[in-house]
Amino acid sequence: MLLSDVLIIDATDRLGWLAGRLLADLGADVIKLEPPGSDRSRAEWRAFNVNKRILELDPEPASARARVEELLRTADICLLTPSAAIPGACLDPLALRRDYPRLVVVAIRPFGGVGPRSAWKASDIELMAAGGAMALAGEPDGMPVRVSEPQSYGWAGAHAAIGAVVALFRRDATGRGDLVDVSAQASVIAALSHAPAFVDLVGIEPTRAGAFMTGRSIKGARYRVFWPCRDGYINFIFYGGAAGRRTNEQLVAWMRQSGAELGALAAIDWKTWDPTKADQAEVDAIEAPVAQFFARLTKREFLIEGHRREMLGYPVATVADIASDPQLEARAFFQTVADSADRFCGSFAVIDGERPPLRHHPGAPFPAAPASVGAPSAAGRAGSSGAEGKP
Amino acid sequence: MSAVGQALAGLKVLEFGGYAAGPHIGKVLANFGARTIHMESKERPDGFRIQYPPFKDDRPGYNRSGCFAFFNDSKYSVTVDLKKPAGMALARRMAQWCDLIIENMRPGVMERLGLGFGALAERNPRLVMLSTCNMGQTGPRADQPGFGSQLSALAGMCELTGVPEGPPMLLYGPYIDYVASLLGASAALAGVTRSRRTGKGALIDLSQYECGLVFMGGALREFFASGRVPTRCGNDDPVAAPHGAFLCHDGEWVALSCWSDDEFAALARAIGDGSLAGDPRFATAPARRTNGKALDAVISAWTGQRGAETAAIALQAAGVPAYPVVGMAGLFSDPQLRARRQFRVRRHPEMGDHAYCYPGFDLVEAPGDIIGPAPCVGADNDFVFRDLIGLSEAEYESYRQQGVFD
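Sequence order for the protein chains is P and C.
Just so we're aligned: 197 in our numbering is position 197 of the first sequence, and the numbers increase by one with no gaps anywhere.
Just so we're aligned: 739 in our numbering is position 348 of the second sequence, and the numbers increase by one with no gaps anywhere.
If we strip away everything but chain P, and leave its shape as in the complex, we get:
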């Protein structure tokens, strides 16, 4: 395991759950602090807190505080969402940095720890709005929308995990911890791809394009992305480049073999066709026969034949489609834990040919008594975390 000698205290709420989950997937021992009696039954909680050990804190504040401080003395990283309700625990980021010089403290906040709006409140919808993602999703003349499954917490958690390991790398080299300041708003900007560059470089502001893709043609043409099929939708785009050329050629060959009407497609030389130079009339003409062809296919037919022909494009999948995908089955992506039949997304990376197994069920408690601290491999930890403790 890549981080098998790393101990992490996780004092996060929903905004930061993913950070600890990712680091646990990489092998860190993550102890998640929970208030007494907290609700841990929801699917979302379980999905992002599996693979961590759960420490339910003593309702008595002094006892809870002593327990947390004992853990912090040997911890390498502390993940925090400062708004999380952890009774009795003093988890102020600056105080932690002062008291534990080798500790990497990762503070995950909606708008970060500095700036005029650092104290503003936000949930997923405000963060997707503040980070620009909602401006790019929805019908062009309609309401901006978010993804119905919260995403901003993922963007924040993913950035927090990187920050934690960046600071750990430096700590290994210098002996000093650091405070990692994570802004969920700023983290969401990663979702925008290069859209901000249009404003800065050419003064064009990309906006939401509904079921179409814009920004690829210098003549402003928009390309259809979602095509109705027999049992849902297919995602297909006319691309350029070598991969696009092959896809376009294969699609036309498939349509021809199926006896489909080709229309304007028949006259296109894909070796010279360039999507960046097409105007809207040309795009509309080549898309019309494709819409008729796709309307006859199922999602699975498109997936199988598209793969066989090495085409770009995928069906628009539901979670049910995903849960039965043979590709994921072959790679054992969904995993169970211990003797439970509950299935979860497994560790996100395959390391040296093996997907690290999930080690801890989200219902498995971490021993509450101080004498039972089960820190990993004492020998492995000696060189990595130090024993500076609180003075």
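Misleading hints may appear alongside valid ones.
Below, simulated DSSO-like cross-link-like pairs (lysine-lysine); rule was C-alpha separation at most 30 Å, straight line [as the list claims (entries may be wrong)]:
#: 1; chain 1: P; residue 1: Lys277; chain 2: C; residue 2: Lys433
#: 2; chain 1: P; residue 1: Lys219; chain 2: C; residue 2: Lys447
#: 3; chain 1: P; residue 1: Lys219; chain 2: P; residue 2: Lys277
#: 4; chain 1: C; residue 1: Lys433; chain 2: C; residue 2: Lys475
#: 5; chain 1: C; residue 1: Lys475; chain 2: P; residue 2: Lys271
#: 6; chain 1: P; residue 1: Lys121; chain 2: C; residue 2: Lys684
#: 7; chain 1: P; residue 1: Lys271; chain 2: C; residue 2: Lys447
#: 8; chain 1: C; residue 1: Lys447; chain 2: C; residue 2: Lys433
#: 9; chain 1: C; residue 1: Lys403; chain 2: C; residue 2: Lys475
#: 10; chain 1: C; residue 1: Lys403; chain 2: C; residue 2: Lys433
#: 11; chain 1: P; residue 1: Lys271; chain 2: P; residue 2: Lys219
#: 12; chain 1: P; residue 1: Lys271; chain 2: C; residue 2: Lys433
#: 13; chain 1: C; residue 1: Lys591; chain 2: C; residue 2: Lys684
#: 14; chain 1: P; residue 1: Lys219; chain 2: C; residue 2: Lys433
#: 15; chain 1: P; residue 1: Lys271; chain 2: C; residue 2: Lys591
#: 16; chain 1: C; residue 1: Lys447; chain 2: P; residue 2: Lys277
#: 17; chain 1: C; residue 1: Lys474; chain 2: C; residue 2: Lys433
#: 18; chain 1: C; residue 1: Lys591; chain 2: C; residue 2: Lys403
If you anchor each label on the Cβ, the simulated ranges turn out as follows [what the hints assert, rightly or not]:
#: 19; chain 1: C; residue 1: Asp449; chain 2: P; residue 2: Ala285; range: 20 to 28 Å
#: 20; chain 1: C; residue 1: Gly642; chain 2: P; residue 2: Pro116; range: 19 to 27 Å
#: 21; chain 1: C; residue 1: Ala785; chain 2: P; residue 2: Gln257; range: 43 to 51 Å
If you're looking for bench data, these hints aren't it; they were derived computationally from the structure.
Glycine residues also receive a C-beta, built at the ideal position from the N, C-alpha and C atoms.
Place chain C on chain P using the hints.
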């Protein structure tokens, strides 16, 4: 592009590939001081240099792409023709120099080039290689090519974006590539951390599809537990009410939500009608959801009389989560992002002054930076091959004469 004093100082990274999924990893590492080398060839440069706008002054060119620049600041660019045996020899030599290789070729390509992990690790046992591709290196569809904009559909995100009665919606660009690249950055650094501690390298197989599913983990866990298949629901939320985006007087939108009756009471006071909290139609979250259209009309009437910024400021002052729906231009003027120096202007040799985006986190004691602009293609051949890799003048000249740098 000095890296002294930054958190990842001393980390040496080599990138094979292009577009977003690989290079975005290297960009983040470079922002914190890793010396990151982006390898291309002049015959086949990174696809982001040539295939997608925006281009400076709308004139395409290898060194005029804002798309390439956005994901390659703070790096060095070298050109090596891997079709030539001498180019392969030079690439292998670079693999001995570096700590981390990031590649996003199709599965099997690196092996066919003689640059597979096994061969490279024989000479550099501490090497960490991260291979990222659509489906992962194994499985029945491992060989399927793909772009992230479409993979976001296969991973369920597009199905859950839009209104119930409408089609799925696009997430801008190769959305899932950035999920994967951020997760990949953590994995790569974890690999390097272990390598530094133990001397043992690692091969990391990153499936962009699987990474995207991590962001869908809650919905998938719910499906496994209950069989429920979620569908897109506009801006509704199962708990919060109200929860949505509301059109404002200035044509902009403000997003807001109330997660408790107390928050709704605060919103009611903020919009000038505290009695709404006691109105049976709105007193509880289920009631507010049942009477959602009436409530939306009340809120819209208020937001319609003021700008989105003004509305958000008033609601936040009352303790209600709210923020304007920030557009792409608005990102550059947003006061919070400006305070964080989210966009930083650097001078590019051909594109002039333009902005680069900083990651979503920073280290307080060892902050990162946009260390330099994106490199022109092959701009750093001399420095990298002579000063970093240590080619002698004779070796360098020999490679040049063989056309390796073309």
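Against the structure, the hints:
1. Of the pairs offered as hints, the one joining lysine 277 (chain P) and lysine 433 (chain C) holds, with about 23 Å between alpha carbons and a cut-off of 30 Å not exceeded.
2. In summary, the hint linking lysine 219 (chain P) to lysine 447 (chain C) is supported, as the alpha carbons are separated by about 15 Å, within the 30 Å threshold.
3. Of the supplied pair hints, the one linking lysine 219 (chain P) and lysine 277 (chain P) holds, its CA atoms being roughly 6 Å apart against a limit of 30 Å.
4. Among the hinted pairs, lysine 433 (chain C) with lysine 475 (chain C) is consistent with the structure: their alpha-carbon atoms are about 13 Å apart, no more than 30 Å.
5. As the CA atoms of lysine 475 (chain C) and lysine 271 (chain P) are separated by approximately 26 Å, the hinted pair is consistent with the 30 Å bound.
6. Proximity of lysine 121 (chain P) to lysine 684 (chain C) is assessed by CA-CA distance (about 25 Å); at most 30 Å being required, the pair is judged to hold.
7. Pair hint lysine 271 (chain P) plus lysine 447 (chain C) holds up; C-alpha atoms about 26 Å apart against a cutoff of 30 Å.
8. This hinted pair checks out: lysine 447 (chain C) and lysine 433 (chain C) have alpha carbons roughly 20 Å apart, not beyond 30 Å.
9. For the hint linking lysine 403 (chain C) to lysine 475 (chain C), the alpha-carbon distance of about 25 Å falls within 30 Å, and the restraint holds.
10. For the hint pairing lysine 403 (chain C) with lysine 433 (chain C), the CA-to-CA distance comes to about 23 Å; that is within 30 Å, so the pair holds.
11. Taking the CA atoms of lysine 271 (chain P) and lysine 219 (chain P), the gap is near 20 Å; set against the 30 Å cutoff, the hint holds.
12. A distance of roughly 20 Å separates the Cα atoms of lysine 271 (chain P) and lysine 433 (chain C); the hinted pair therefore holds under the 30 Å criterion.
13. Under the criterion of a C-alpha separation no larger than 30 Å, the hint pairing lysine 591 (chain C) with lysine 684 (chain C) is inconsistent with the structure, at around 60 Å.
14. Restraint check for lysine 219 (chain P) and lysine 433 (chain C): the C-alpha separation of about 27 Å stays at or below 30 Å, so the hint holds.
15. For a cut-off of 30 Å, the pair hint linking lysine 271 (chain P) to lysine 591 (chain C) is broken: about 46 Å separates their Cα positions.
16. Among the hinted pairs, lysine 447 (chain C) with lysine 277 (chain P) is consistent with the structure: their alpha-carbon atoms are about 16 Å apart, no more than 30 Å.
17. Proximity of lysine 474 (chain C) to lysine 433 (chain C) is assessed by CA-CA distance (about 12 Å); at most 30 Å being required, the pair is judged to hold.
18. Taking the CA atoms of lysine 591 (chain C) and lysine 403 (chain C), the gap is near 16 Å; set against the 30 Å cutoff, the hint holds.
19. A C-beta distance of roughly 24 Å is found between aspartate 449 (chain C) and alanine 285 (chain P), which places it inside the suggested range of 20 to 28 Å.
20. In this structure the hint that glycine 642 (chain C) and proline 116 (chain P) lie 19 to 27 Å apart at CB holds, the actual value being about 24 Å.
21. Between alanine 785 (chain C) and glutamine 257 (chain P) the beta carbons are some 57 Å apart, a value that contradicts the proposed interval 43 to 51 Å.
Hint violations for this structure: numbers 13, 15 and 21, all remaining hints satisfied.
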